[in-house]
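Asker: Everything in the sequence shown is counted per this note's numbering, starting at 113 for the first residue and increasing by one.
Keep in mind that the hints were calculated from the coordinates and are not lab data. From the three backbone atoms N, C-alpha and C, an ideal C-beta is built for every residue, glycine too. Don't take each hint at face value.
Claimed, not checked - Quick list of simulated restraints, FRET-style, between CB atoms:
id	residue 1	residue 2	range
1	T116	S213	49 to 57 Å
2	H186	H268	16 to 24 Å
3	R117	S167	32 to 40 Å
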Amino acid sequence: AHTTRRASIIANVQVADRLIGDFLDFVRSTELPMTDRVDVSECARRVAQDFDVPSDTLQVHAPSGVVLDQANQHLLERAIFNLIDNAFRHGTPPVSLRVSSLADGVAIDVHDLGPGMPLTARESLLQPFARGDASRSVPGTGLGLAVVKQVADRLHGRVEFRGGAGDWTVRLVLPP
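Full structure from sequences and hints, please.
Answerer: Dropping the structure here:
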């Protein structure tokens, strides 16, 4: 009984810790300066490595030289982390992270084989504390995509949703 109670307390503390961390990231996303020169590919590879999963579970395609001149490395890392985390929590592996240069900036795509989000729910899930019906049983705070949206807004970019069930991509597009 003591072991079960201890495990329950630890689990509750971990949930509270994540909520506080996610909330702080949400607040920081509106305040931190956008003055760093960030190598987006290097940043993406570093974040992906932190997941410590096999390379066939999280595939990374990030060519060298994809750079943003007016960004914040911490916020960009948090946005990429949240996109990957959402794919693992609500999607179906394998997850693919792709960084690419576009004519109008930089794209960061996170793709998985999960169900995606219904068209009617997509924009609302970018709001703070919003959670889709399918994710109610999955631990989370509802701040992951809101932080991604805040980072996109701060960098004058956008968040796009592509595909559907079995072929789902969330794309963060940032101007150069």
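Asker: Could you run down the list of hints and mark each one as holding or not?
Answerer: To see whether the hints hold, each was checked on the structure:
{"no.": "1", "hint": "T116 to S213: 49 to 57 Å", "result": "52 Å, holds"}
{"no.": "2", "hint": "H186 to H268: 16 to 24 Å", "result": "18 Å, holds"}
{"no.": "3", "hint": "R117 to S167: 32 to 40 Å", "result": "39 Å, holds"}
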